[in-house]
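There are 2 protein chains.
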Amino acid sequence: MQDTSETITKETLAGQSGDLAHERAPEIVEALNAREPADAAKLLRSLPAEKAIEVLDLPGLDNTCEILAELPKDTAVSLLSGVSDDRAADIFKELVEPLRTTLLNGLNPETRNVISGLLAYPERSAGSIMTTEFVSVPSSWTIAEVLHHIRMVERTRETVYSIFVIDPVKKTLIQAVPLRRLISGDPHANVLTAAPARKPLMISPEADRMEAARLISRYDLLAVAVVDGPGHILGIVTVDDVIDAIVEESTEDAQKFGGMEAIDEPYLRIGFGEMIKKRAGWLCALFLSEMLTATAMQSYQSELERAIVLTLFIPLIMSSGGNSGSQATSLLIRSLALHEVRLRDWWRVAVREVPTGIVLGAILGLIGVVRITLWQTLGLFDYGPHWVLVAATVGVALIGIVTFGSLCGSMLPFILKRIGFDPASASAPFVATLVDVTGLVIYFGVAAVILRGTLL
Amino acid sequence: MQDTSETITKETLAGQSGDLAHERAPEIVEALNAREPADAAKLLRSLPAEKAIEVLDLPGLDNTCEILAELPKDTAVSLLSGVSDDRAADIFKELVEPLRTTLLNGLNPETRNVISGLLAYPERSAGSIMTTEFVSVPSSWTIAEVLHHIRMVERTRETVYSIFVIDPVKKTLIQAVPLRRLISGDPHANVLTAAPARKPLMISPEADRMEAARLISRYDLLAVAVVDGPGHILGIVTVDDVIDAIVEESTEDAQKFGGMEAIDEPYLRIGFGEMIKKRAGWLCALFLSEMLTATAMQSYQSELERAIVLTLFIPLIMSSGGNSGSQATSLLIRSLALHEVRLRDWWRVAVREVPTGIVLGAILGLIGVVRITLWQTLGLFDYGPHWVLVAATVGVALIGIVTFGSLCGSMLPFILKRIGFDPASASAPFVATLVDVTGLVIYFGVAAVILRGTLL
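These protein sequence lines are chains A and C, in that order.
No gaps in the numbering here: position 245 of the first sequence is 245 in the numbering used here, and each next residue is one more.
No gaps in the numbering here: position 376 of the second sequence is 1376 in the numbering used here, and each next residue is one more.
If you are wondering where the hints come from, they were derived from the structure by calculation, not from laboratory data.
Any given hint could be a false lead.
As the list claims (entries may be wrong) - So the derived list for chain A, only partly shown, Cβ under 8 Å to chain C, looks like this: (1) His149; (2) Arg151; (3) Arg180; (4) Asp220; (5) Leu268; (6) Cys284; (7) Leu286; (8) Met297; (9) Leu304; (10) Thr311; (11) Ser320; (12) Thr329; (13) Asp345; (14) Ile367.
What the hints assert, rightly or not - List of simulated lysine-lysine pairs, DSS-like, C-alpha gap at most 27 Å: (15) Lys1278(C) to Lys417(A); (16) Lys1199(C) to Lys51(A); (17) Lys1417(C) to Lys278(A); (18) Lys1417(C) to Lys1199(C); (19) Lys199(A) to Lys1051(C); (20) Lys277(A) to Lys93(A).
Just so it is clear, CB atoms sit at the ideal spot from N, CA and C, and this is done for glycine as well.
Using the sequences and the hints given, assemble the complete structure.
In structure tokens form, the structure reads like this:
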């Protein structure tokens, strides 16, 4: 579709919008994403307002800003007033000036304040993904009154499955009552009779959004209340927002682990320059550090000249260190993210990784020795008169390097976390680079000991 | 806690269980996880049955099998009969014989059949994470009747937020009615009057569980119906199960990308031997393929002897190929997982990666040339009379290798998917190894051209 979108005429658009109007919003989003913003805007306008709002309400819609820019101001404003305020805030985050201010001023003062309030919360905070559309009732109401209230607001509130009970005087949150408990309660009893035994779980708007995600998945909630210092409820984070957050975070982590800056757009949508920017930074940083290998090699030039045979195994040995390091890093990044391992556990990890590394290194070392012996004895290649010592060098070096790689790779996430960085920025290439230089030093160190008096 | 758990006496246990009984189930799980199975079992027994069941119902509980083994058979059976059947099935999956059969036979026939049924579904299928505890009503009922029914079952059903309406004759699923629409509907009207316009979303029990996850997050559902061929509802997959599945999958992907088999236990809980097994396999496979670099180097031995200076840049150049490859792979693995990119898009990705690689390679090549020129002119190191040609070799080789790395790394996930493997098994070390050998060939190939007649 994307490739033919330019050729779509008004007629076909109209025709399609006719069918589209009967589609589910997510399907319409897909159709819009396959079009240029201009066409998408036309299509959006041709939809019934209610449907268009539903579509705009979905985070999956690409180029939302470009599409809004194509719409007449009034249409854009009325659509934005319709979408849930947390989604509207997300959209405004990405809008560029002057459109941003124009549209924001177009909204009625109340909505504008709500959205400006949401925009004020830091990126990735619970506040930034919460919605202010929730059902709250005074604790003086009866269950019947609450149910009646829900019937009134049902269509306009994003979620009615948790009802938040407020102290009528202090206006603070005192309970969260699940809807299912309300309907099985006695209508004439006070709403609090349907409340669970314990206080509701709350989170501060400044807390990390993944904290909200952990609460919701840990306690199997549909929504968690976001409250300020004094305990007034500001909004709720709902389970669907949390799923989006979890997926987004793991995508970013995967990209970071691959050794690049996280990109927030689908692969095929991100611009060429943007793509270069996201990848060149880390690549250059890694390249510059990796230059130390050249420096290291230079300092071993005399050994190299005397024992060319050593160079043959350099890539093999270095990559093994990088690989074992990358294994350890990926393991620990996740364990830290899932809180399976705490910062204070670093030494317990270290005392596990060292023996693990030694065993893994010994396995690889053995394979290496066998390989050299075979090639030599089968006459496939001549590693020279001291081939046994060369084999020994490779074997011992592998044990040292794999052990160092595992230790290095497992500690890196802890170090990053300790100094306040995201452990997930410890990428596989990052670890490999760290290990490479040391790998060379270990290799030539071992060689110096084993080959002294013979090759070196 | 973990370290002192051996010293805990019955008294303290009893004491603690007293406090624990008032804790939320997830907190109790944490306390149990910090103990040896034997102690955890004692503690579990000392809890009120209802609470113990709540605890056992949480997926977060470690060593569930060992704990059950410590319990008297009757206690274990009665607890297992209490937990939700999907969780029970998960537990039975991990139980070892003969305990498995013993406990399974202990259950009442009905529960046993349900659980055996769930156990029959393939790993990672929607059926394997669904619950058979849902509310279904005949389409002949009124809203009042349905609400009354819900009040009756509320305590025993895992979720009552979607009510599934069944054809009274064919017994097939015809609608899913959200609870909130029921309570705002007219009590005397038929239940279907509260149903949404369109048919409910359904999924087959054999479908991948991530398919269910995508449906639920795409349509912001609380549960999706699992139906057999004829359209009978077998169970539902709820949003909380889906969150667990998403987190589990991204952990596995992260570990696989690190170049190891996915482990399903927390880092600190997995045994030493198990850890070696999970890591050694890939490490050896990579080592064996990486041996090709030694073979490649051997075939270039004469060049190496004539131009030692070339060896100095081998680690630098090879790592750059691996890094760019790992970037591209992590990007595409996620894009494929999120369905941003389809298999058929491979060529669109390829035509993006080649220019990207050329630009990135040129940037690194430039840095490399500058580095060599600086060291030479500042007299930090002598790359010989032909240092300009050496610099040129490094620069050109980098363009070739980074381009090849990006292309290779971006295509690998497609190839794996095409031949029916999980794209996520394309790990960073895997790509690096792939690129290393070719990197050497490119490097020496470029050298042969540029340095012919001078160094070579």
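Hint check:
no. : hint                     : result
1   : His149                   : violated, 11 Å
2   : Arg151                   : holds, 4 Å
3   : Arg180                   : holds, 5 Å
4   : Asp220                   : holds, 4 Å
5   : Leu268                   : holds, 6 Å
6   : Cys284                   : holds, 7 Å
7   : Leu286                   : holds, 5 Å
8   : Met297                   : holds, 4 Å
9   : Leu304                   : holds, 6 Å
10  : Thr311                   : holds, 5 Å
11  : Ser320                   : holds, 6 Å
12  : Thr329                   : holds, 6 Å
13  : Asp345                   : holds, 7 Å
14  : Ile367                   : holds, 6 Å
15  : Lys1278(C) to Lys417(A)  : holds, 26 Å
16  : Lys1199(C) to Lys51(A)   : holds, 17 Å
17  : Lys1417(C) to Lys278(A)  : holds, 26 Å
18  : Lys1417(C) to Lys1199(C) : violated, 32 Å
19  : Lys199(A) to Lys1051(C)  : holds, 17 Å
20  : Lys277(A) to Lys93(A)    : holds, 22 Å
Hint compliance for this structure: hints 1, 18 are broken, all remaining hints hold.
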